[in-house]
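The chain contents come next:
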Amino acid sequence: MHDLNLFTVLSNPFQILDKLRIMSSPMQRGMTLSLVVQARASKLSENTILSASAPLLQTFIFISEGMNIPLSDETEVLLRQAKDAGISFHETYSRNPSRPLTAAPKGPPEFSIFVDESGTASFDEAPQPVLCLVGIIVKDKDIPGFEQASDRLLETYGLPKKFEIHAPEFLTTTPKRPLNKLKLDERYALLRDFLDLGMNHAVGIHHLSMLKSMVKPDYQKKMVTQGLNAYTHTVVWFLLTLDRVCLLIKLGTRYKYFYDRTDAYRKDIGIIFRTLKENTNECLRFFCLNDPPIMLYA
Amino acid sequence: MLESHNSRLIQLADIVGYYLNRYRRFEVKIFKNRKELEKHKDKIFEIYGLIRPKILSYIGRDLSITVDWEALGSFSLKKKLPKLKAPKSRR
Numbered sequence: 029m030h031d032l033n034l035f036t037v038l039s040n041p042f043q044i045l046d047k048l049r050i051m052s053s054p055m056q057r058g059m060t061l062s063l064v065v066q067a068r069a070s071k072l073s074e075n076t077i078l079s080a081s082a083p084l085l086q087t088f089i090f091i092s093e094g095m096n097i098p099l100s101d102e103t104e105v106l107l108r109q110a111k112d113a114g115i116s117f118h119e120t121y122s123r124n125p126s127r128p129l130t131a132a133p134k135g136p137p138e139f140s141i142f143v144d145e146s147g148t149a150s151f152d153e154a155p156q157p158v159l160c161l162v163g164i165i166v167k168d169k170d171i172p173g174f175e176q177a178s179d180r181l182l183e184t185y186g187l188p189k190k191f192e193i194h195a196p197e198f199l200t201t202t203p204k205r206p207l208n209k210l211k212l213d214e215r216y217a218l219l220r221d222f223l224d225l226g227m228n229h230a231v232g233i234h235h236l237s238m239l240k241s242m243v244k245p246d247y248q249k250k251m252v253t254q255g256l257n258a259y260t261h262t263v264v265w266f267l268l269t270l271d272r273v274c275l276l277i278k279l280g281t282r283y284k285y286f287y288d289r290t291d292a293y294r295k296d297i298g299i300i301f302r303t304l305k306e307n308t309n310e311c312l313r314f315f316c317l318n319d320p321p322i323m324l325y326a
Numbered sequence: 043m044l045e046s047h048n049s050r051l052i053q054l055a056d057i058v059g060y061y062l063n064r065y066r067r068f069e070v071k072i073f074k075n076r077k078e079l080e081k082h083k084d085k086i087f088e089i090y091g092l093i094r095p096k097i098l099s100y101i102g103r104d105l106s107i108t109v110d111w112e113a114l115g116s117f118s119l120k121k122k123l124p125k126l127k128a129p130k131s132r133r
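Line by line, the protein sequences are chains A and B. Numbering-wise (our numbering), the first sequence opens with residue 29 and increments by one. Numbering-wise (our numbering), the second sequence opens with residue 43 and increments by one.
Just so you know, these hints were derived from the structure itself, not from any lab. Treat the numbers as computed from the prediction; the structure is a model and nothing was measured. Heads up, a few of these hints could be off.
[Unchecked claim] Cut-off 30 angstroms, straight-line C-alpha distance, at most; resulting in silico cross-link-like pairs (BS3-like, lysine-lysine):
1) 74/B to 249/A
2) 71/B to 81/B
3) 74/B to 244/A
4) 250/A to 81/B
5) 169/A to 189/A
6) 96/B to 169/A
7) 249/A to 167/A
8) 189/A to 284/A
9) 305/A to 96/B
10) 244/A to 305/A
11) 169/A to 284/A
12) 71/B to 244/A
13) 189/A to 209/A
14) 209/A to 83/B
15) 71/B to 190/A
16) 83/B to 96/B
17) 204/A to 71/B
18) 189/A to 167/A
19) 77/B to 167/A
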């Protein structure tokens, strides 16, 4: 009995959403059932066990009905036993059909983020007023499906599977082979179809833009004193906001970080990661990067 | 070995970055070179419409993320990064 109460209390320090996510996980529900089995093996009465389980079961109902997460068959059985014992629950019965606990995912999904930039680091380059970093976040299990679907898409436009899609080359009026066999409208349609495909596979997009022409000279000087420029400054804040946004809101798990290598900054990103990780300032420390960033070879 | 020219997701990030970069120039009206993009405005906005639903929000579902911008004041890469290089122009 003590264990059941302790189990509920343990979740309290978490933020609300994290708490709901954790409590609704198959592992948590499995542990609940396991605790009930253990309690039944003791000398505790059935009514005592079910009464102690009731708050947790009520939370599962709330999550299941509010977030469209099916309960396990085993939890539904426990709910019926609790009701038969005279315990009532607040429920709308609008939840999805239950599934066996054995059908639940064995572990949390694994994520990766693929990062590229657009624009330059120069504050004086008028045609490039914006520097933008973009990260596409995907579940690892969805990557092969996206790549295969992309290859099929290229084939429908008569392009080879291994053709590299690069925005400026699609939008120029004088593309090189093999793109030159497509008209501008066809190339744009392909680009749009590819984006559409990508958005259907991505979990989310994290991005950070620096509007360089709006950065005051004083702040530019501050960056220099910190050993940063427009690009590396954007990388620092891109990583920090990525860490907090993705960890707390979207992913709730660690992720792998892939970036496109260019000779100009390939070393800097690694150094920034290490520096942020080692930094004693809690506001700047990384928590959810799975491993060092992974450089893609050009 | 994973190579960038074989990574469709890096290519996807390239395209998303290309359009987000240009969308920002319309969003912030002071940019002087915006006229050059006017003829592409419809397509830039159409693509932004595809991208927008997937952009992560910092504020939503009763949650807010506070980034301590002042924290960078005590942070310096200068000792570890004495000569940071700017990336070459790629776009």
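Checked hints:
1. 74/B to 249/A: Satisfied, since the Cα-Cα distance of roughly 24 angstroms is no more than 30 angstroms.
2. 71/B to 81/B: Distance ~16 angstroms between residue 71/B and residue 81/B Cα, so the pair holds.
3. 74/B to 244/A: 17 angstroms, holds
4. 250/A to 81/B: 38 angstroms, violated
5. 169/A to 189/A: 21 angstroms, holds
6. 96/B to 169/A: Cα-Cα ~18 angstroms, so holds.
7. 249/A to 167/A: Violated - the C-alpha atoms of residue 167/A and residue 249/A are around 40 angstroms apart, more than 30 angstroms.
8. 189/A to 284/A: Given that 30 angstroms is the threshold and the Cα spacing comes to 26 angstroms, the pair holds.
9. 305/A to 96/B: Holds, at roughly 28 angstroms.
10. 244/A to 305/A: Given pair residue 244/A, residue 305/A holds - Cα atoms ~29 angstroms apart, limit 30 angstroms.
11. 169/A to 284/A: 13 angstroms, holds
12. 71/B to 244/A: 17 angstroms, holds
13. 189/A to 209/A: Roughly 16 angstroms separates the two Cα atoms, so the pair holds.
14. 209/A to 83/B: Holds, at about 25 angstroms.
15. 71/B to 190/A: Violated. Residue 71/B to residue 190/A sits at ~39 angstroms, over the 30 angstroms cutoff.
16. 83/B to 96/B: 21 angstroms, holds
17. 204/A to 71/B: Status violated; Cα separation ~34 angstroms.
18. 189/A to 167/A: Satisfied, since the Cα-Cα distance of roughly 23 angstroms is no more than 30 angstroms.
19. 77/B to 167/A: At roughly 39 angstroms apart (the allowed maximum being 30 angstroms), residue 167/A and residue 77/B break the hint.
Checked against the numbered hints given earlier, the structure breaks hints 4, 7, 15, 17, 19 and satisfies all the rest.
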